[in-house]
Amino acid sequence: MSTYFTEEHNQFRQSLRDFLNKEVVPNVDEWEKIGNPPRDIWKKFGDMGYFGLRFPEKYGGLNLDFFYDVILLEELSKINSAGTSAAIGAHTYLSLSHLNNEGSEEQKEKYLKPGIAGDLFGCLAISEPGGGSDVASMRTTAVKDGDEWIINGSKTFITNGVLSDYLIISAKTEPELKQAGISMFVIDRNTTGLSATKLDKLGWRASDTAEMAFSDMRVPANALLGEENQGFYYIMQQFALERITLAIGGVAGSEYALEYGLNYMREREAFGRPLTKFQELRHRVAQLAAEIEQQKQFVYHLCQRFTDNEYIVKEAAMAKLLATQLSDKVTFEVVQFLGGYGYMEDYQASRMWRDSRLGQIGGGTSEIMKEIIAKMAIDEVKY
Amino acid sequence: MFTEEHKLFRTGLRDFLDREVMPNIDQWEEEQRMPKDLWPKFGEMGYFGLNYPEKYGGIDADFLYSVIFMEEISKCESGGFMILPAVQQYMASPYINKHGSEFLKEKYLTKVISGEWIACIGISEPGAGSDVANIQTKAIKEGDHYVVNGSKTFITNGVYGDFVVAVVKTDPEAGAAGVSLLVIDLNSEGITKNKLKKLGWHASDTAELHFDNVKVPVENIVGDEGQGFYYLMGGLQTERLVGSIAGYASCEWAIGYTLQYMSERQAFGRSINKFQVLRHRMAQLISEVEANKQFVLHCARQHEAGEYIVKECSMAKLLSSELAEKVMTQCLQSFGGYGFMEDYKMARAYRDCRVGTIGGGSSEIMREIIAKMVIDDTSYQRAGSVSSTPKTKPVEAKKTETNINTNDKKTVMSFEAIESAIKEKAAAAKPLGNSLKFNFGEQNVMLDGTGDANVVTVNDATEAQCTVDVAMEDLTSMLKGDLNPMNAFMSGKIKVKGDMSVAMKLGTIMG
Chain A
413 MSTYFTEEHN QFRQSLRDFL NKEVVPNVDE WEKIGNPPRD IWKKFGDMGY
463 FGLRFPEKYG GLNLDFFYDV ILLEELSKIN SAGTSAAIGA HTYLSLSHLN
513 NEGSEEQKEK YLKPGIAGDL FGCLAISEPG GGSDVASMRT TAVKDGDEWI
563 INGSKTFITN GVLSDYLIIS AKTEPELKQA GISMFVIDRN TTGLSATKLD
613 KLGWRASDTA EMAFSDMRVP ANALLGEENQ GFYYIMQQFA LERITLAIGG
663 VAGSEYALEY GLNYMREREA FGRPLTKFQE LRHRVAQLAA EIEQQKQFVY
713 HLCQRFTDNE YIVKEAAMAK LLATQLSDKV TFEVVQFLGG YGYMEDYQAS
763 RMWRDSRLGQ IGGGTSEIMK EIIAKMAIDE VKY
Chain B
5 MFTEEHKLFR TGLRDFLDRE VMPNIDQWEE EQRMPKDLWP KFGEMGYFGL
55 NYPEKYGGID ADFLYSVIFM EEISKCESGG FMILPAVQQY MASPYINKHG
105 SEFLKEKYLT KVISGEWIAC IGISEPGAGS DVANIQTKAI KEGDHYVVNG
155 SKTFITNGVY GDFVVAVVKT DPEAGAAGVS LLVIDLNSEG ITKNKLKKLG
205 WHASDTAELH FDNVKVPVEN IVGDEGQGFY YLMGGLQTER LVGSIAGYAS
255 CEWAIGYTLQ YMSERQAFGR SINKFQVLRH RMAQLISEVE ANKQFVLHCA
305 RQHEAGEYIV KECSMAKLLS SELAEKVMTQ CLQSFGGYGF MEDYKMARAY
355 RDCRVGTIGG GSSEIMREII AKMVIDDTSY QRAGSVSSTP KTKPVEAKKT
405 ETNINTNDKK TVMSFEAIES AIKEKAAAAK PLGNSLKFNF GEQNVMLDGT
455 GDANVVTVND ATEAQCTVDV AMEDLTSMLK GDLNPMNAFM SGKIKVKGDM
505 SVAMKLGTIM G
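Order-wise, the sequence lines are chains A and B.
Each residue of the first sequence is one higher than the one before, counting from 413 in my numbering.
Each residue of the second sequence is one higher than the one before, counting from 5 in my numbering.
Warning: the hint list may mix true and false statements.
Said to hold, decoys possible - Chain A is faced by these chain B residues, among others (derived, beta-carbon under 10 Å):
1. L282
2. S291
3. A375
Unchecked claim - Derived lysine-lysine pairs resembling PhoX-like cross-links, with alpha carbons at most 25 Å apart:
4. B:K278 <-> A:K794
5. B:K11 <-> A:K794
6. A:K787 <-> B:K330
7. B:K278 <-> A:K787
8. B:K330 <-> A:K741
9. A:K741 <-> B:K376
10. A:K689 <-> B:K376
Hints in this document: simulated from the structure, not taken from any laboratory.
Cβ atoms here follow ideal geometry from the backbone N, Cα and C, with glycine treated the same way.
In isolation and in its complexed conformation, chain B is listed as follows (with noise of 0.2 Å):
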């Protein structure tokens, strides 16, 4: 189900988080907050527009992509962590991405897979939380904007955040169909947060937000007024989706490391993984995280074909959670007096999965869509005009829009202009210890760096461990320093022959 490409990234990924975020989480736990600029890392390396389209800096990866993100992500040690840019890119900007106007989309949605700004879903209020219908903020419609008056709660990124997608009502009389959703600048006058203490997900900032006469520009609304509450039903599917890849990604991490730990730990001579009991209860759990996660890759399969698979989502993000919390209990279990220690990584992971199945609709809403589906043959469908088309990506359209990232820097290097600027990267760049050949069809420029030195020469014939095949106006703005060699892999803009991991130190030669 993985290809090549799907595995490479995965590896690219990881580096990353292993470089940038690891080593700083338990600061962050510690300090309750990560730093800002972190994000606009995350955006650079493109891992915020993995969905969305090239047009706003996006890569329009498939959605496995995404499914890795968020398996990546989940194995960092701290649900915390994992929170922010889950919401960012896949609980609250998908509303402006798929309803959102030109100008919203321009605004917001570039920022946000920049990594530059932070997004919130503002759908909780402190009397009503899956209960969307009866939510309480309102936003009155004066002249040429809205006043927001209200509060929300629990929301996470909601202190630190720039900016929230907020449920209101926009008529407060019309139940359901009052629902809009708007879009809100957390440094807006009237607004006040109060960032709360939580169980767990210590390095995320959560907010309760009051509104108080809180002007929000027309302009700020999503999509069609009236239509917020079944945009939400159709972003829900999401949220729930990525929720339950969170939560088997959790799951596997925590068998390793406990598996790990079963193997060092000593008891009555023997280490304590060769316990017939723990043993058993290890393969349980193991078979139980093998199936709901290809349960989960199976609803992945079907979003990204286009299917609106509301209960499907639901069964999953109830399993995926319910099982976490089992394994997290009995994973600690096996630590002994350790689990219940900071030292060790698993009583976080303990407290970090008690979110899941409450948050994103709890459990029991959850049953309660499944019941209403699978007792009352209730069907949803999905909402409003503009998500009815299925998420089709024609792939020969995409390979012909070569250009979309440097839409304004549209010259093309010359050949030769080409060969001189790798020479100076090249020499810039410490020996490859690969050989690795550039191919425009015609023409080639081969560096090898197997030597002292990266020696680059042109046209050569002889082959080298990996060759790339890539067109020169895209070489040319990776050279420029506008497209990132891992975006143009990922969308297809480069394709590798030979040694892969050769391709992964493209990113050092391009600097």
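The following block holds chain A by itself, in its conformation from the complex (with noise of 0.2 Å):
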């Protein structure tokens, strides 16, 4: 019995597993070694609808229920390439997200509208080389200048930040203000005054992530996203959905990891019989089979609750923290289960314990969410 799912959101799971297998898994190996997908796939998952599973049907959206995407986010964690979905994520579950919550009926016409149908992509820019949660030191400003703002400043482990064709930024423009004076803004790559440098990293190796920086960069007024000064607000909002998507991806991505792993015991023998008959790894299969189970329940819930909109800013931490956790250490049991083979890239084991390892620090890492599980529950703070 599934409490979550329709007989029309399997049918939609199919579709998209399908679409996946023939468009994106026969190329995740290509895309890992050139470091970014390429151009057209955005246009495909764009004809597909699958950017705008939640957004209203005016910008091209399907106005779906939240457990379409749901799907979407389990799926695309089974592909083998956190890098991939990281690069699709970070464009409809970020950049899309404000633009569809905070954005001007222009913006929607000009970036929304054409984000869903996968004709332009985008990124979210927030992190600064100095301060990544704390987001009331940041440093990049921007100053008004007649009709236009003027923005100085740098940002960085931005996923999509050197190819996507817009940029979703946070800019302080009342710095004395401090995270009450934060705005967003919403910016063209060919901004003269911007350059963006890709950064090599230890996993994700399929998106491209940037460091980039703002040189007088000039922006006309109309370029300011949703208030002024509200920018703080925005993003804290935005958080309960981006942990909501890291936690089912790191679900998602710990089913997959011990599927994968399992399928390999099955048919690798040791002292005459298959791995799966040895008592130890069984039972260390057990337990994680079980912890990734009641995991799966707990985001579900969560799911259901944000679909409901509940209040869940201490659930959301608790389950990306324990999420991410989890992943961490079903990828390594995996490497582990896999022996030598673990650690060879002619098996997927090795990439996905890379991968997993940004799941405890992107998006707040497990520290900032413990912070704000203590808050809420040790001292009673309210966000």
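Could you use the hints to bring the two separately framed chains together as a complex?
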């Protein structure tokens, strides 16, 4: 019995799987090598409607319930390339979400619509070399100059930051107000004064990750996203969604990794019998399977509450914390199950393991999650 | 997920436990037993029949009432206390309810529900625990009785309890197919009991039982001979699910208890809940407990829907008992030296949780089951024809069976008789402090206790703070003391509108 998925959901999952198996899975090894998915993949996703599952029909979206996104995120976590999933995810769940929530009609027409269609893709740039989750310490500034804003500063660890067509960025419009003086902007790639450098990473190799600099970058007044000085609030509002997407990915990635490990163990023989017959390994698999099932049900429960518009800041932090920790544990074990082959690039386990490592860092580290949970559970703070 | 009715039930239960249980826990732990007259009080409140048919005095409430019951008894600072009601209702007697004959239900199940008799389940033996097919206790049929020989051990409630649902071999040659369940009175001739000393669970009695040519009537067989193994496999899912609830609920208690201490205890000039390392440790535990709780609740919903969830129950039991170990260890650490002292309750919680990964199938057995299902794709089917129908309760049918608790007392009072009975009760009771209306559709009785006395009027048009919709026959039962207001509430016989807390005072009016 599934509490959350209807027959329509299951059909959607099947067609999505077919699509991924045809358009994505055969190519991820190459994308991992070149460091990003090719330009034409965006259009293919757009044509299928995958970027606009939850967005209004007016902008080309499908206006579906959140569990369609859950399915998209789950299946994207089973293509053995978290870098590819990250590129897709950053576009729709980070950049398009801000445009949908805060964008003006004009901005929605210009970016959201083509973003959903897959004609353009974007990125979200918040972290800076000197401050990640500590948003208040942001140094990038935007100063009004007549009809324009002049933006100076730098951003780092930005997924799709080199190749995207547009950027959603944060900057301080009133630095003396600290976090209350942050605003959001949407900026075209070809803006003068914008430069981006590709970073080399431990994993997530199929996505481009950038450090970018803004040097007297002039943007028009209508580049402001939403209201002035509301940026911090907008960012915070998006965090619950971002954390839930990471939790979904963490669980689905774990599930995929364990299944992969198990398939290997069924075939691999040692001392005259398959690895699945060794009690010690069986119990480790059982433990992981139990932890994954528990985490999955916790995340589903949360997705339901998210769908119902409940207040889930604390639980989203919990889910993100636990799911990404679990993913590290599972992928570590799967490498172990494969022995020497686990360390070789011929098998998928090594990529799973290194790709998993980012989970506990991106979207707020595990330590930041614990800070939030501690504040809410111990000090009874509400956000 | 929990309705207003569920919440009200929890409040009533909590009040009951605070009154009848909490003040005595330390003494029971010390004496290593609990008084026998405590349990009929549970029975009276309906707490032992939450999951059982009305026919035998049960309430037949949905499983979430059982979740609440388990949660609250797990928050009484004593695992030894918690386990008696848990065994009574969820581990021993379900076999009688599910597979037992009418005779067994009338004789034993009714007494379990009323709290007059305490039940235990006898599976483990000195030489076999989870390896049920290998048990050695024999029950050989001789005419109209079985002759039982063998031993059972680690039997909760076995010393002071009244009967045991014992796992025996009726066909010793047949392996699992020779296993049967037999109800044995613990005062039978030929039984010796040995009270075991334990690491924790001190308030609870745990026995080693020896059966020496014990005669048991043939009608005490549960279900069919040779089906015991399958009955057990089904029953153990409930046992594990219930154990999982106890696991996360005790963790919630420990975290609350620890956070309270951490907010009061000072070190280096500030309360210790300001130290980041301790905060993060607690945040991690709180998260893990929340995830486990939601998983167990998910399993509870599946269970309620009639699904047979062997894998999930094993997973839940494994994870929640291991989590409890972790939580108790780390919470105790926050108390420093006081954690090691009996003046605080952490020491007891720490030792009590230790049995979680052992009882009801050890963690290793859970992993064996999970491994078989996940790796070998083994699936387990539900036992026997009796239990193969999913537990679905036709709601409409239930509403019409209003008189089931009072089937031999069918007389319904007239409206006038009800009015005067309420007047009598209201005069005897202290002023309610609120207004309460009993609504029978066309007519109503209003009780206004906002002044110095309870004033009773009939067919009053003014709004009361709380209105109770009830059938006259059910109110009759309540007035006669045949129906507990809380039971009536839980089984949908009374519907409350307005201030729910006023309805809670029904008990005081009904005396």
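Against the structure, the hints come out as follows:
| no. | hint | verdict |
| --- | --- | --- |
| 1 | L282 | 9 Å, holds |
| 2 | S291 | 4 Å, holds |
| 3 | A375 | 4 Å, holds |
| 4 | B:K278 <-> A:K794 | 17 Å, holds |
| 5 | B:K11 <-> A:K794 | 24 Å, holds |
| 6 | A:K787 <-> B:K330 | 22 Å, holds |
| 7 | B:K278 <-> A:K787 | 10 Å, holds |
| 8 | B:K330 <-> A:K741 | 17 Å, holds |
| 9 | A:K741 <-> B:K376 | 22 Å, holds |
| 10 | A:K689 <-> B:K376 | 10 Å, holds |
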